[in-house]
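Q: Going down the list, the sequences are from chains R and B. Residue 89 in the numbering used here is what sits at position 41 of the first sequence, and the numbering runs on without skipping anything. Residue 554 in the numbering used here is what sits at position 506 of the second sequence, and the numbering runs on without skipping anything.
Keep in mind that the hints were calculated from the coordinates and are not lab data. Here the structure is a predicted model, which is why all the values come from computation and not from measurement. Hints should not be assumed to be uniformly reliable.
One copy or two, either will do: identical chains are not told apart, so a pair holds if it fits within one copy or between any two.
Said to hold, decoys possible - In the EDC-like style, the derived pairs of lysine to aspartate or glutamate whose C-alpha atoms are separated by at most 16 Å in a straight line are:
1) Lys447 <-> Glu700
2) Lys383 <-> Glu367
3) Lys571 <-> Glu348
There are 2 protein chains.
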Amino acid sequence: MIRRYDFGHPYDTGAVVRQLPVCEDRVPHFAVAQDGCRVSFSAPLGENDMIFGLGESVRGINKRGHLYRAWNSDDFSHTENKASLYASHNLLLFSGKTGVFGAYFDDPGAVTFDLGYTRGDEAVITSENGDLSVYIIEGDTLIGLVREFRHLIGRSYLPPKWGLGYIQSRWGYASESDLRTVVKEHRERHIPLDTISMDIDYMEEYKDFTWNRETFPDMAGMIADLKADHIRVMPIIDAGVKVAPGDPTYEEGMANDYFCRKENGDVFIGAVWPGRAVFPDFLREDVRRWFGDKYRPLLETGVEAIWNDMNEPAIFYSEEGLAAAYQKADELREKNIAIHDYFALKDAFANMSNSMDDYRRFFHVIDGKPVRHDKVHNLFGAMMTKAGAQGMKAVRPGKRPLIFSRASFIGAHRDGGVWQGDNNAWWGHLLLNLKELAGLNMCGFLYTGADLGGFGCNTTEDLLLRWLQLGVFTPLMRNHAADGTRDQEIYRFRNWEDMRDVLTVRYALIPYLYSELVKAAEKNDMMFRPLAFDYPRDEDACRTEDQLMLGDGCMIAPVYEQNARGRHVYLPEDMLLVRFRSSTDYDLVPMQKGHHWLRLQLNEFPLFIRKGHVIPMAGAAEYVEAIDASALTLLGWLDHGTVITLYDDDGESDVIDFQAGLTVIDVQVKDGVVAARAEGRTVDASRVVLD
Amino acid sequence: MIRRYDFGHPYDTGAVVRQLPVCEDRVPHFAVAQDGCRVSFSAPLGENDMIFGLGESVRGINKRGHLYRAWNSDDFSHTENKASLYASHNLLLFSGKTGVFGAYFDDPGAVTFDLGYTRGDEAVITSENGDLSVYIIEGDTLIGLVREFRHLIGRSYLPPKWGLGYIQSRWGYASESDLRTVVKEHRERHIPLDTISMDIDYMEEYKDFTWNRETFPDMAGMIADLKADHIRVMPIIDAGVKVAPGDPTYEEGMANDYFCRKENGDVFIGAVWPGRAVFPDFLREDVRRWFGDKYRPLLETGVEAIWNDMNEPAIFYSEEGLAAAYQKADELREKNIAIHDYFALKDAFANMSNSMDDYRRFFHVIDGKPVRHDKVHNLFGAMMTKAGAQGMKAVRPGKRPLIFSRASFIGAHRDGGVWQGDNNAWWGHLLLNLKELAGLNMCGFLYTGADLGGFGCNTTEDLLLRWLQLGVFTPLMRNHAADGTRDQEIYRFRNWEDMRDVLTVRYALIPYLYSELVKAAEKNDMMFRPLAFDYPRDEDACRTEDQLMLGDGCMIAPVYEQNARGRHVYLPEDMLLVRFRSSTDYDLVPMQKGHHWLRLQLNEFPLFIRKGHVIPMAGAAEYVEAIDASALTLLGWLDHGTVITLYDDDGESDVIDFQAGLTVIDVQVKDGVVAARAEGRTVDASRVVLD
């Protein structure tokens, strides 16, 4: 059951899709305090209580012990101390001796979550503006709370099936020849690939909806050629529009008053990649329609996928902020710049980016009234995603668009996916990747994954290999890296064959992964779950932070430490270990419930299948459309027969006919022999392990 | 056996104390290549080869897979991608199928260590200047290589025994009343404490060897009062000397030409805390003698301990660097600052600190000749430590000084300790603390530890508690935090009693820890060892990165994850688990060799004692001199008798009479009863577990 409590004047954020009546009684579970316009919600924490939620955020699956802040931030250094990443997913799930409950803070402004940080025995959530709806979710189980919440916020976005293919990306692909070379190198080595993504380099002077006609003289022709090779092209679109007289996006936006303005009525100018830029007021429906429609020429050129970036929005500086930095520098010129002045000088330039001063300088128009940006900051990226998704659907009606975004807010989970932002080539970020999957799934973001190999800093051959071994399981599987870092396409490395072998597992599992993804969306379920959700009475499972349940039958446990040749793993029940080297080379090892040390060479990675379950694998393929899901091999460990269902469809229709898409796979065990059948498919059960 | 090979014109760095003849044959193990003045040493790496060494550095105990750079750096953000910390400890130990060998690169300039980073199957070490001695160490075991190397570089520094007491520190203790309050709060709660340390706030305008006469009106009186309360005072000394006409340090140094000069003969000016500062040429013996002698008035005021900081040296900016930053800013003023200019503008100010340009601007004088700083950069901090240690010894001849430093080079391990620099309140840095212990011990730095609780960022009550549980075992045990972060003295926290209880274990173990520390110094041994060193044929032990062997008989395995209620631990042999809550409250659990999951509540931490060994514990004490080591309790797990030795002495004499200091503790097991005796001590063996 969910109850709604309103404070101040809540905005319609679009996060929830079901209108609940506003309760007038006291908010359960929390003590509420008002301090000016701030409203705080406090709850005591028992010694061993756990807290889940917060979607895309740093630190543990159990969020207890840190101060988080809902404030979409362009900050590439995801260190432990950070309070904010690119998203604001204000869901908390509390689990303690007396049971579980959840709370969603539907507030588009800044909200802090002091979860046992100031005091270890208290959680305090504070809305800085005090205009919000709080939804209190009651239930018996953590997964039950999630399902209730997901029902409230509506069905998750689903990508086309080919969106589960491997995506190669880099900030630095600057020409047609760059793209063709990357594709060629993959195809020649039979490294599977479905999509190649273009970062800002393809644009003309970083102007949205343009491309450089010199380096991409025939974009349509190039896209058609790549398509013939079963490769899709995915360009980036940024939130800021270059101040460029003559540029149609700039001119139309100016003519129609689509850009955010300052209090004095001037259009707000902030710098991004192109320097001076203006910001569409994505919170307006007419602006979204206009901006979404700008995607059309790209799509008509053959583009089939888009990613939206810098939409927190990232603002390198405003005219005012830059002037203030210069003023500070001028003040200090010729002085003996000692300790305090030294930091002030450096900070003047370092802190002019994404500054709160700037976020207070411009306004949106909501219901005809100006609203200062900082009050609704966390909606900006979500509304840009909505604009893009609408624009893409208009061009290809009835088809699912492939779109994902950096910034997000709950609600955007219905419109597109998210990638986990500008991570680094750090082993610690491989583990963070796993942990974020759990939080994102709770909040409805199912199509997600991290930049495999790491975006910033230089990767190494072992880090990329290990990261691909996790990426095998994430719906969005993209290798992406920043300008100036080491080339990190698979074929650049000495051990590229091991990496290619990892990808063969991905493609063999796509029928299963796609089925689990659609099921999770249809049933408001999580594709990836903390072990605490499945085994709430198992203390060791509840505290497990480096494994996740996958779908109905599996568990993942990647290696995330350099030079490791194994890892500790906790099995909350008997499971079959599949120790993969490739889709055709793997060991099957039945393992008992309990703590284990698992040997895993560099080219090996585990998937665990719960005893009593089976999962299907397809054969090899180099792109999604080539996957032959009519011939499946089952993996599992059984002592008696079982029945599983596999969802499949045309991979692109917007309407999901869930029941029609289900195939029943019936597995029977008789006299020590296992046999399986499914309508319209051949099923090989010879690899199923019998007890 | 160690062989020496020279390249170019090696500097006398003071790292080694034994003169070896220069070999003329080819360097074994490495292919040597010359490129201009650069010299590279390449070695192939087998699939499972491991590399140890590099002292204080980021990442794993096994250093393989990263690019490190010997370049002492003032960089507070110890993320995975960093190449350098504050120290250059150029020792590598290779371990593979064909055996082990070591190499020490005695080069005071920049050296890069590409250890399977560019190519996974190759290590390439490059001296950028090509003037170095390479020492190739041959032996049968990793620990054997270390002993050979340590014999070459001379006996490690030993602190006075009270240096093992708990040290409370903070950048921010600005007055006598601040210090008195901190001491009072500890004493009132019976939280053990031996030393209180002062950061830069005590000085007058950040001038070395001064103190603020307003906030410390009677330094001698305060120190005497605190000493009566068994508390020592430890001020900081920085490398840069303020440009302050009238200040004796500045005036004397200028009059005697003690400061580094530029090529044009002007004294080099770089900014640190006081703004414009000059840098003593610590590489000159006469300058060291002068600077060390400047410590005398502080010592005569009652100070007994000193820490040296900012001696990489940290340079916030030079006059030239600042001018260049301003010039870049002026160039860009009024332009549309787009992508490249934006980064250039920010970097102009961000990168003016600790810049290579500055390190090339000034000169030392070696043997009467000018040597550009960057050629010998990594010696600077070591030579400052030498100056300080000599100065302290001159005031208290025959006594060990308590001194530790941020920057270091091998050789400085004979003069003082090091702390692990400006870490952060990150759980990841708790684990890094452990890993650095292993590397530092290999290189002779035994008196070391990290800033417990974390220096930068805000700590939490659970992080500080867990970190203290590791700090219990590190010879240098200091809680230190940066200005602007949360107060992190133990008494600030809700769970201070748990923290105090952790300290009771520290003080009870000091007789054992002191004994192991002195033994390690005397025998050129490591107090903390990777498991790979003790169990080289045990593959799981060799890859263990989160446990260390301690002394002869113990193993440590801290909890380093937030919200964890246990951890995986690998026992390479049967061991007794001591699950400590306090020095009097603990469980004794015999455990079998193998992988285990260990339950550990927040207030619990483990120490493992190898079966067949015992260790002694003393009773409670609130300062080191109050420890009664004449009555000891033994902990261990035996099936037959054993003999251990315990070293002890007056705790301060510079000359160690090792044999005279050893007490034999004879443990006998007869008819299921264990009894122990030692000359001059009462020994309680009733807690020893019998098989």
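Q: Hint by hint, note whether the structure agrees.
A: Status of the hints after comparison with the structure:
1. Taking the closest pair of Cα atoms, Lys447 and Glu700 come within 16 Å of each other only inside a single copy of the chain (5 Å); across copies the shortest separation is 80 Å, beyond that limit.
2. For a Cα distance limit of 16 Å, the shortest separation of Lys383 from Glu367 across copies, 11 Å, qualifies, whereas the shortest one inside one copy, 26 Å, does not.
3. When the C-alpha separation of Lys571 and Glu348 is checked against a cutoff of 16 Å, the pair qualifies neither within a copy, at 34 Å, nor between copies, at 76 Å.
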